[in-house]
Amino acid sequence: MRDVAIVAYIEGQNTSATTLSPVEMIVPVVHEILNRANVQRSDIDFWCHGSCDYMTGQPFSFVSAVDALGAWPPIMESHVEMDGAWALYEAWVKIQTGEANTALVFGNGKSSAGDMNRALTLQLDPYVVAPLWPGFRSLEAMGARAAIDAGTVTERQMADVVSRSLRDAADNPNVLAYGYRDADELLDEPMTANPLRAHDCPAMADGVAAIIMTTADRALEMCDRPAWIRGIDHRIDFQNLGLRDLSRSNSAALASFHAGVTKDKVDVAELHATYSHHEIILAQSMGIDRSTTRMMPSGGALVANPLMAAGLARFGQAARQIFKGDADRAVAHAAQGACLQQNIVAVLEGN
Amino acid sequence: MAPLRLFYPYDRTVGAVIGRFLTSLAAKKIEGTRGVDASVHVPPLEFDPATGAALTEWVAVSDTGLVLTWSWQPEPFADNTLQQPFAWALILLDGADTPMLHAVRVASVSDMSTGMRVRAVWAAEPTPSITAITCFEPEGAHG
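Sequences listed follow chains A and B, in order.
Mapping the first sequence onto the numbering used here, position 263 (from 1) lands on 259, and the numbers just tick up by one.
Mapping the second sequence onto the numbering used here, position 76 (from 1) lands on 90, and the numbers just tick up by one.
Rather than coming from a laboratory, the hints here were simulated on the basis of the structure.
Yeah, the Cβ is synthetic: ideal placement off N, Cα and C, and Gly gets one too.
It is possible that some hints are incorrect.
[Claimed, not checked] Here are some of the chain A residues that sit facing chain B, going by a computed Cβ distance under 8 Å:
#1 125
#2 141
#3 237
[Unchecked claim] Derived contacts from chain A toward chain B, CB cut-off under 10 Å, selection only:
#4 53
#5 129
#6 133
Whenever a hint applies, use it, and build me the whole structure from the sequences.
Right under this line is the structure:
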């Protein structure tokens, strides 16, 4: 295997409703990350993009994103209809094959383009689930109740996650929700999508995240302390909700095992937990001890959830902890699908 | 902003297994397929989740069952079968081993609980679709 490291991370300004087009959102982020890594466009051998056509309501909407990269002279690029974290995986494989050495990966989403809770229903089984139009929030709420009924998650634990996330978000200028609210205060609020309260659900955002990754030859030219990808794996559970135990995530457990999460201490974890109970389910499934691991110092996806960028942002935020020297070993995670159906996990190390 | 109201104008080819399931629903019958480990899957699976074997044995199940987990939808979408606040539930039908998703009609959220028994409410004129079942209701409620 070739040693590959994340050497730069940039995220665009998360907003609740931008008037910019996706291309206009991506251009400054690409420009800024090339500057950050001190490289030229010609240094990038492979460009890989994650986004979702359902969000824009336009087939092949991702093709226009190439305008933000510049396609002359010709570039080698690809796209996944997934969060940018899966574009990172494709780029990692591309580098492993030797066809590329340096890759720029980005994910973007404009959640404000429509009602994403409803639009994401189109990703569900088209025969016996989607025609009922359940909405993602309702399914996540069923997952929360399954975990509460199983005794693996409590409402107070969920409130504690929200309280900590909002507090950490106060130090992050790129969030849509922050504040100082203790668990008791949060538990006094009414349930909306019972058993979820409004604050258990993510602050939807329009945003972009971008990462540059490269091999050992060049990593130290681009970054003082690269975040080396020491393990990475992704797995998927059944599409049928009825075949899964929603109180846990088998695919997160498998991906974590194969990425080697529990082989050593985990200083920091950036988990793509878009609902408060996700963090608890994921930590349990992945073998992460939340009492000794610093969880989501960025505030996580609860406080800013730019769809299709928020998962890649977890990889970027975990890498930042390595760049700064605040962590030696970090876990990055992203999820897609209803109730943590599909999961990707990476272990990042400073040495 | 220029509104673009997309809809979902597709007729999906459902194949032999889902096709039989939906056709039975139009006749107010619920059927599942039996897995290699003898589990009855409703909605039916075409292939066994563990072995991948094609599943061909059909089993009729009841239109009553048990709520395994649920959540509340405080405001319906225009496309939902119910146009009032209602619950979503994974419902284990009597005779089945895997639950199915559907809506549950109750007067208020306080009428919902894990483990409650429910019965299907059939559409007045059922079509071969999952919406042949309008929703479920607590057993004993007026249909």
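Verification of the supplied hints:
1. Proximity of residue 125/A to chain B holds as hinted, the smallest CB-CB distance being about 6 Å (cut-off 8 Å).
2. Given hint, residue 141/A at the interface with chain B, holds; its Cβ is 5 Å from that chain's nearest Cβ, closer than 8 Å.
3. With 8 Å as the threshold, the beta carbon of residue 237/A comes within range of chain B, its nearest partner Cβ sitting at about 6 Å, so the hint holds.
4. With 10 Å as the threshold, the beta carbon of residue 53/A comes within range of chain B, its nearest partner Cβ sitting at about 5 Å, so the hint holds.
5. For residue 129/A, the suggested interface contact is upheld, since its CB lies about 4 Å from the closest CB of chain B, less than 10 Å.
6. Because the closest C-beta pair between residue 133/A and chain B is about 8 Å apart, less than 10 Å, the hint holds.
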